[in-house]
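Residues per chain are reported as follows:
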Amino acid sequence: MTSALGKDLLALEPLTPEQIRLILDTAEPFKEISERAIKKVPALRGKTIVNLFFESSTRTRISFEFAEKRLSADTVNVASVGSSVQKGETLVDTARNLEAMRIDMVVIRHGASGAARFLADRIESNVINAGDGTHEHPTQGLLDILTLRDHFGDLAGRRICIVGDVLHSRVARSNIWGLKKLGAEVAVCGPKSLLPWGIDEFGVKVFKRVEEAIEWAEALNVLRLQLERMQAGYIPSLREYNRVFGITHERLDRAPRDILILHPGPMNRGVEIDSDVADGPHSVILNQVTNGVAVRMAVLYLLAGGRPELAESAKASAPGAER
Amino acid sequence: MTEARDILLSGGRVIDPSAGRDETTDVLLRDGKVEAIGRSLGAPEGAEVLDCSGLLVSPGFIDVHCHLREPGREDVETVATGARAAAAGGFTAVCAMPNTEPVTDNQAAVGFIIRQGLRAAAARVYPIGAISVGQRGEALAEFGEMVGAGAVAVSDDGKPVVSAHLMRTALEYAQAFDIPVIDHCEEPTLAKGGSMNEGMMSARLGLRGIPAEAEEIMVIRDILLARRTGGHVHLAHMSTAGSVELIRWGKERGINVTAEVTPHHLTLTEAAVGGFDTSAKMNPPLRTEADVEALREALRDGTIDLVATDHAPHHYDAKEREFADAPFGIVGLETALALVVTELVEKGIIDFPTLVDRMSTRPAKLFHLEGGSLAQGSTADVTVFDPAREWVVDPSKFLSKGRNTPYAGDQLRGRAVYTIVGGRVVFRLEE
Amino acid sequence: MPNATTILDARAMGRTLRRMAEEIVELNEGTDHLIIVGIQRRGVQLADRIVKIIEERDGVDIPRGALDITLYRDDLQTVGPRPVVGPTDLTWNLEGKRVVIVDDVLYTGRTVRAALDELADFGRPSRIALAVLVDRGGRELPIRADIVGKTITVAPEDRVDVLVNELDGRDAVVVVRRDAAEATR
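Residue numbers (my numbering), protein chains in the order written: chain A, 1 to 323; chain B, 1 to 431; chain C, 1 to 185.
Each hint should be verified, as a subset may be incorrect.
As the list claims (entries may be wrong) - Rough simulated footprint, nothing fancy, chain A against chain C, three-plus residues with beta-carbon under 8 Å:
1) 42 to 55
2) 86 to 94
Said to hold, decoys possible - Straight-line distance between alpha carbons at most 35 Å, and here's what the computed DSBU-like set of lysine-lysine pairs gives:
3) LYS69/A <-> LYS150/C
4) LYS251/B <-> LYS159/B
5) LYS180/A <-> LYS192/B
6) LYS97/C <-> LYS39/A
7) LYS7/A <-> LYS397/B
8) LYS192/A <-> LYS397/B
Stated by the list, open to error - Not close to chain C: a few residues of chain A, all C-beta gaps over 10 Å, as computed:
9) GLU65
10) ASP74
11) GLU124
12) GLY203
13) THR248
14) ARG269
15) ASP276
Simulated from the structure, these hints should not be mistaken for lab results.
We treat Cβ as the ideally placed atom computed from N, Cα and C, and that holds for glycine.
I would like the entire structure built from these sequences, with the hints used as guidance.
Here's what the structure looks like:
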């Protein structure tokens with residue numbers, strides 16, 4: 001049984017604009033479920049989902065878990081600490097074991113680029129990539145896009161700049177592909193040492209200075225800067241990074257327009273983003289978190305079944321036929 | 001060893017660039033030597049007659065770069081399985097890289113490989129000794145002792161020679177023994193952590209890239225050191241258009257630099273990595289279309305001297321893992337000939353005499369090895385191959401223990417039919 | 001539409017809805033505590049019509065809601081979900097209320113079962129009633145409607161289509177016979 005998205009959600013790069021819109025549209029009614037007193041519908045009752053987290057991530061894991069539970073799925077969390085993963089079990093063995101346990105879906109977070117694809121190629125269960133190395137983090141990209149769409153409506157022609165460590169960011173890649181597919185203009189900005197070589201071939205603008213990005217953009221998606229980058233010699237210091245590339249109140253005040261501020265979290269306040277910006281009136285950082293649950297519910301729901309042809313969705317509301 | 005029968009190779013297209021020969025004729029092999037060459041030789045009493053009509057008869061192919069994993073990883077490959085795989089691929093001789101466990105960095109270790117090669121009685125196996133003790137890049141290994149035991153070159157392959165001083169010393173010291181110093185060109189701080197070519201594809205996949213400059217910086221360093229020392233530097237597995245330019249620059253100035261290219265760098269680009277396919281993970285990495293074009297042209301015009309496989313077998317499930325953690329390399333002995341025929345000869349980039357030159361004549365000459373010629377009296381190492389034979393790559397049928405190849409399922413043309421070493425047929429293609 | 005028989009035309013449908021509105025008020029002894037909830041999709045438009053009729057006649061405001069039961073279906077495993085989930089809109093506190101569920105066609109009863117499940121997640125009404133425009137028989141669950149616009153008997157292969165002006169450009173109830181039903185699917 002193939003869903004409208006195919007078996008898995010591994011990346012936004014291979015999706016069509018229609019598939020992305022389908023996920024976003026499906027997320028809309030799910031937003032409402034989280035507002036109910038009883039935040040639960042039986043759509044995935046009896047489905048078993050494993051959340052396989054080889055990297056710690058409180059936020060993404062909790063978001064997925066809420067999404068699963070609100071759809072009534074049975075979930076098991078496997079964190080890398082204390083599991084056989086730590087004992088040197090290979091990913092392929094993990095895959096075989098999951099397959100043997102007849103799991104319906106696997107949500108995987110892994111430090112290696114391509115790990116989700118690796119798993120998806122080897123098991124029949126639906127696989128959702130919750131972040132693989134520095135490759136993609138499709139549900140994060142989708143929730144960022146949903147948040148932008150909530151604010152802007154149609155994203156065609158909207159100018160969105162991704163700021164920071166694009167080189168090591170799976171969030172950046174998913175955002176770039178997803179936004180471009182919906183017709184947005186996308187730019188990246190950061191020290192050249194933290195931009196991937198060949199980034200201009202993605203069809204994005206590149207700003208060397210954050211002031212230029214602010215001058216241009218209608219929204220900034222500010223990436224987390226990891227401490228290890230300094231240790232690995234990509235930038236001299238966090239202090240200098242904040243001075244040169246930090247999103248500060250002072251810089252934004254000089255912008256020709258109000259700029260929407262997104263951040264995939266967790267934030268380093270005072271490094272890539274100042275607190276008064278993160279907590280300021282144009283920040284939609286908490287909307288992102290709320291939308292995260294709705295988007296993940298939509299993805300889980302769509303992958304759980306459904307008909308292959310998108311066109312069918314239109315026909316499904318044909319008159320009278322009781323469902 | 002029992003005395004081999006005479007062999008008459010009858011009616012094949014005989015190509016021997018060392019003698020400028022390309023004609024349909026007969027070759028008679030006797031007592032491990034080429035006895036005679038000419039039309040209608042007729043079979044002597046008791047001779048085995050091999051009908052070579054429609055086939056190409058060439059001096060035996062020589063692979064100057066392969067990893068046979070013995071000693072240390074006999075589960076992955078042994079000298080014997082590697083030598084048999086080589087014979088099946090049409091190679092009459094291979095040079096085994098010293099990155100074994102322990103490293104082949106001394107006389108005894110070289111002798112061991114020689115003995116294992118003789119026992120295998122398939123393709124000849126020539127050991128390559130390490131440049132530095134333990135391939136640690138510090139103290140020079142005993143070149144003289146190793147050459148005395150049968151080593152034909154030195155290399156720290158698998159690792160680059162990081163120290164320019166050590167490389168210089170090796171190039172100087174090796175001259176006493178007239179052996180090439182082979183370098184694996186990789187600037188380690190640029191290549192660190194990389195698992196594929198740095199470019200659009202690595203940016204897309206979120207994999208750390210190895211820039212072309214990681215190779216080219218070492219290529220020019222080695223060329224300049226060869227110029228300074230007058231030593232013979234041989235550059236392993238060239239992968240970039242920039243390297244080709246630098247080698248051309250060196251050769252134009254008469255610097256003693258030679259270079260090799262693998263069949264995979266001649267036929268595949270980074271696009272093969274697109275689905276995180278670990279069978280396309282090599283070091284140096286697969287590069288771009290422009291690089292492949294430049295390498296093909298360089299092989300054609302002789303800037304790159306020869307084709308070498310960099311045959312790198314791995315345990316069958318070693319590549320069943322995350323891309324960044326999977327080992328580099330593929331097996332190559334049994335697909336090399338067909339890839340060169342299918343991708344270069346059939347596409348009109350090189351002709352068969354050039355193929356023979358790059359796979360037999362030049363390797364023999366540059367590494368001072370027996371073979372590489374069918375002149376009367378030369379060693380009877382001969383490869384007979386069918387240039388039109390179509391076959392589908394099926395790794396389960398490899399004689400190598402390694403199965404890791406990105407070419408599985410590909411339909412190729414060109415296959416060894418008889419591989420003859422010292423006048424003995426060591427491989428016959430089963431119908 | 002080939003081989004389609006009109007059961008109710010626009011006028012007849014209007015009359016039927018007025019009668020159903022009347023019965024809803026009677027059944028609930030007035031309009032106090034009344035909430036009318038339509039099931040997505042055409043039940044929502046029918047519920048709106050009924051609400052408007054009652055409001056115009058009695059001069060009161062009737063709370064209304066919409067229910068999308070897609071996520072409560074019991075057949076996700078076999079047919080998979082309908083890709084697009086419609087909105088559920090139930091902002092009223094249901095505690096102690098009299099809820100009338102409105103749907104277009106009552107057939108197997110599975111939609112109503114799902115709607116009851118979903119309603120239960122929103123609160124505990126004092127009573128829930130079911131009003132349908134067409135009852136075509138063929139129940140697979142022990143469910144019956146309290147108020148029925150029209151009862152008809154059709155073969156299982158036949159399709160009963162309720163058309164509403166808002167979505168379909170006209171009001172009508174038509175039966176599409178088996179052959180034609182297959183052809184237009």
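Outcome of the hint check:
no., hint, result
1, 42 to 55, "violated (count 1)"
2, 86 to 94, "holds (count 4)"
3, LYS69/A <-> LYS150/C, "violated (41 Å)"
4, LYS251/B <-> LYS159/B, "holds (25 Å)"
5, LYS180/A <-> LYS192/B, "holds (32 Å)"
6, LYS97/C <-> LYS39/A, "holds (21 Å)"
7, LYS7/A <-> LYS397/B, "holds (33 Å)"
8, LYS192/A <-> LYS397/B, "violated (49 Å)"
9, GLU65, "holds (18 Å)"
10, ASP74, "holds (14 Å)"
11, GLU124, "holds (15 Å)"
12, GLY203, "holds (29 Å)"
13, THR248, "holds (40 Å)"
14, ARG269, "holds (37 Å)"
15, ASP276, "holds (35 Å)"
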